[in-house]
Amino acid sequence: MSEQVAFQHIEKTSLIGTRIKKPDAPAKAIGKTRYINDMVLPQMLYGKILHAGRTHAEIVSIDTSEAEKLPGVHLVITAQDTPDLKLGFVKDNAPLKDKVRCERDEVAAVAAESEAIAAEALKLIKVTYKDLPPVYTIEDGLKDGAPVIQDRFPDNKSLSFKFTHGDMAAAEQKSDIILDDVFNVHYVTHCCMGTSCAIADFDHNGKLTIYSQTQYPYNYKMDLAPALGIDPGDIRVIQPPTGGSFGAKLDVYPFEPVAAILAQKTGRPVKILFDREEEFINSPTRQPARMHLRTGCTSDGILTFRAADVMMDNGAYTSWGPTVPVIMMRTVSGHYRVPVVDFKGQAVYTNNAYAGSFRGYGNVQMTYATAQHMDMLAEKLAKDHNLDPIEFRLKNAQKSGEVTPQKSFLRECALAECLTTAAEASDYVNKLNKYTAERAQEGRYKRGIGLASSIHNAGGAKIHKSDGCGTILKMDDYARVTVITGASEIGQGIDAVIAQIVAEELGVPTEHVNLVNNDSDLGPWDVGVHASRTTFIAGNGARRAAIKAKKQILAAASKQANVSADELDLRGGFVVQDKDGAVVTKLDKMLRQMHFQPEPDVVMVSDYYEPNSEPEGRDHISDHSAAYSHAVHIAEVLVDTYTGEVKVEKVTMAQDVGRVINRMGLEAQMEGGLAFGLGFALSEEMIFEEGRLKNPSFRDYKLPTAPDMPDLDIHFIESDCAEGPYGAKGIAELPTIVVAPAIANAVYNATGIRFFNPPMTPEKVARAIWEKKQV
Amino acid sequence: MSEIEKYIAPDTVSDAVKALSSGGVTILAGGTDLTPQVDAGRRSHAPTLMNIRRVDDLSGITQNKGETRIGCLTTVSEIKQSDLAPAILRQAADHFASEQIRNAATLGGNICNASPAGDMINPLLVLDASVELASWKEGAMEVRREPISRFFTGPGKTIKHDNELLIAVVFDTPGPDFVGYFRKSGPRPALEISTVSVGIGGDYKDGAFHNVRVAFGAVGPTPLRGKATEAMLEGQALTAEVIDKAARAAQDDATPIDDIRATSWYRTHLIAVFTEELLNNVCQN
Ligand SMILES: Cc1cc2nc3c(=O)[nH]c(=O)nc-3n(C[C@H](O)[C@H](O)[C@H](O)COP(=O)(O)OP(=O)(O)OC[C@H]3O[C@@H](n4cnc5c(N)ncnc54)[C@H](O)[C@@H]3O)c2cc1C
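Sequence lines, in order, name chains G and F.
Mapping of the first sequence onto my numbering: position 520 corresponds to residue 520, and the numbering continues sequentially without gaps.
Mapping of the second sequence onto my numbering: position 161 corresponds to residue 1161, and the numbering continues sequentially without gaps.
Hints are computed from structural coordinates only; laboratory data are not their basis.
One or more of the hints may lead you astray.
Unchecked claim - Pairs of lysine-lysine residues, derived as DSSO-like cross-links and limited to a Cα-Cα distance of at most 30 Å, are as follows: (1) F:K1245 <-> G:K772; (2) G:K32 <-> G:K99; (3) F:K1245 <-> G:K764; (4) G:K694 <-> F:K1157; (5) F:K1006 <-> G:K123; (6) G:K157 <-> G:K143.
As the list claims (entries may be wrong) - The following residues of chain F were derived to be distant from chain G, with all beta-carbon distances above 12 Å: (7) G1031; (8) S1059; (9) I1061; (10) V1170; (11) H1269.
As the list claims (entries may be wrong) - Label-pair ranges, simulated between beta-carbon atoms: (12) F:K1018 <-> G:D131: 50 to 56 Å; (13) F:Q1284 <-> G:K650: 27 to 33 Å; (14) F:T1153 <-> G:N433: 54 to 60 Å; (15) F:T1035 <-> G:V403: 57 to 63 Å; (16) F:A1009 <-> G:P71: 29 to 35 Å; (17) G:P615 <-> F:I1101: 49 to 55 Å.
By construction, the Cβ of each residue, glycine as well, lies at the ideal position given by its N, Cα and C atoms.
Let the hints inform the model, and build the full structure from the sequences given.
Spelled out as structure tokens, the structure:
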């Protein structure tokens, strides 16, 4: 064998841009994957939480004696058993409550032998409440003498944000057109197919192992510890396969410390798993927002200013939801060239549900407003000043190297290319004019086309002091690679991407790369999987580690073969001559020889990659991401003007992805991301009445189904990002962000009606069309 | 908690009916209504759970002497694919739930669940079907026939007694002139419970509509017949004016309510839209 290979030559090929299968896909498809939801530990108890089911009340008394007597019940706890334990973004939340502030509030918890016994025990807990006057609207929360929700915030004002740039009065003076509208974005929720689950297990040294769906295992320890009264160092986080997260698991929520407290006090592992109704009521939502947007423009189509006043219903507690203005304002100030900016954001406590982070993170909301204003301006400028709608956008589109008022440095900016590519591919302008003309004609069905675009961070987002990721890489005697990364896998596909990148560098098959990334005792630190950052950050880290390993191997091979290391390469499982691919030796043999030689060594390297970006900062003036990217969506719809049904027939997407890494994973992110935006635009809505959720089921919370999906025409624009791995940018959120306003603009093109308050349900659309006919 | 004490799965109709006579039995067919309702705590199991899916002869569609008979265990998928099922019934089957649910959901279950939004009921009203109810009386099985238009008394309520098994649906096999259409709505193209459904059928001959029957779903406490609309249409040529009048009569027939799925305004609006649409279909047939 070794004689034969000596004559072999191996060509240089690349995996980058090819289609790599997700390694866990077959097991998921045939039902073999053991999700956290399926896990059972020996001696495990089942925890269940009693939720208040009312929105604002004092807890006068809790009698747990009957529940405790039920056979099979091990423990019942209330806030009295967990005093002073805090959690949440401003530490305004607690595992169990001594006062009720919203419907979901966790009042007591039970650990029992079975879920059924735990559920039965909850019914035996007697709570006496004294209802307090509730607050269900932002206005009511801000009134003088309004009921106080959180004692530390007597005016009910929680987080606020501000950014201003330039001379607003002068900008208004210069403006020939000023648009002034209020957009109201509704409550939606993540609907992870795997409902929320945690399993907590203490050992005899007081160390907690928590099996969790978290997206940020390392800082999670820091957030969880104060809610348990233990040291973060005594927490080990294990992340079994999870059925989706999408931002829902970017914070610690009460069920997690409750499981841990029950485990601590019973000395047994405790599992809490929500059913679907619990999941709807007790999960974070997307942050709803009322966005008052003003946009100014000259008659020759140059934007003069944007002013946004964003009011947010904070709900009863503060998780990541009301922090979304951090991203909203980047779009207001930075999507298209906006010389003058005034952004204000204020969150107000109420007795409603509270929001967490959710794919798109504020930008889904804000782009719904900005992209409609751009469309309204485009229409006006076309009509009154004969300006082509694409030309108008191109005039205001930044070019590579421009810096926004918040100091986002658009090093590689492909917005113009995204615009022209999508517009040409969909024949946008012709269709727009044609459908506008057809709108006035008789007929039940109307077609429309609509364009929207946005910007998003594409090289992480430095909201913490570090936005980095650690990687440890080792190779064994059989040329198998193990990568231990801080990056979490929640279904998004970093498993495939890291295997691909490492295989690319080390010349091994992707199947020979094993990923270890679900145990905080093993993995090095990482911020978490969020902000479209993982391929960019962990991908860079994995690549850098692989390059280090490669150097080490080639150095050893160079000594042995007496050739300079830079004349060697790794390909197809061999050490080869770089210039002609002539085989020098087999890689596995080389690795064995490395630790059998006089100066023995194994291949074992580490890396910490910190992206080239600046912390967000209090003034919000910083280059907070190592890259930014743009996407343009053009939606084509068919509206049944009688029933109000909107069928999205096709979406043309052009997105600056920097460089395609795993083409299959990228396409899947485009499709999945779009489905989220589609539901947000058309059908998904949490319906609250007096703070209570009225539709906690998939029957009445309308997720899109397969036949709702439009045809997709996807165009990847490769801007070759200097900082990204092989030129790649982060990609996962833009598909969710851009599609809803594109649909809204298309519905306008079809009907002549603007919808500033999604979702555009059949009833809402039919009613608006009917009302328009009456006048 | 509702504990099932006993599970039985009889092979014959008479065994099944006999088992019902002693009371305390929950009937399980496809389970697509029963299971989620029990899970949600909206109903509980009786001590005995009787799976009727193993009973022979309760499944399938047959035609005999001008009568079509559909066994209670016939699934929605079977109806969707059968040449013996009238087109209006196949249309309803086609818009029903999803492939998986259609494979499990039975016609008998849909009727006995007695939801005002039950999609198979609407076309059966248009076909003027009857149900066959079997019970055990003095050592023998007894079967009574009741018109489906009289079967429902409220949401989830019917005239069927606890000791009765619905064994089949029967109706006169529609003649060559019969035309029938069904339409339902919901915000999604798939997996949708009707916010409104309309069915219209009759003999359309020489430009006039006879023996007209109209049914509405999800607009009242039970699926209902549109008597005013039927009277309005009977014997008429379907001119634009007649269709318009019928759409307005339909709005008088139905008195929908507001709920989280739709307002009464929208339901009323859709009734007119669908009535008009279906009558146009009839003309174009
Ligand atoms: C996801 C989903 C989507 C759905 N979509 C639709 C839809 O689009 N349209 C629609 O109409 N429905 C829909 N349904 C409801 C349900 O699938 C249907 O009503 C179905 O036909 C019920 O039949 P089954 O055999 O599953 O009934 P089961 O659940 O087995 O029984 C329903 C009830 O009828 C009783 N019963 C059953 N058979 C008999 C009998 N022969 N005699 C006496 N009593 C009997 C049972 O005891 C029970 O009370 C949906 C349900 C789900 C879960």
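Sort out which numbered hints this structure fails and list those numbers smallest first. 2 and 11
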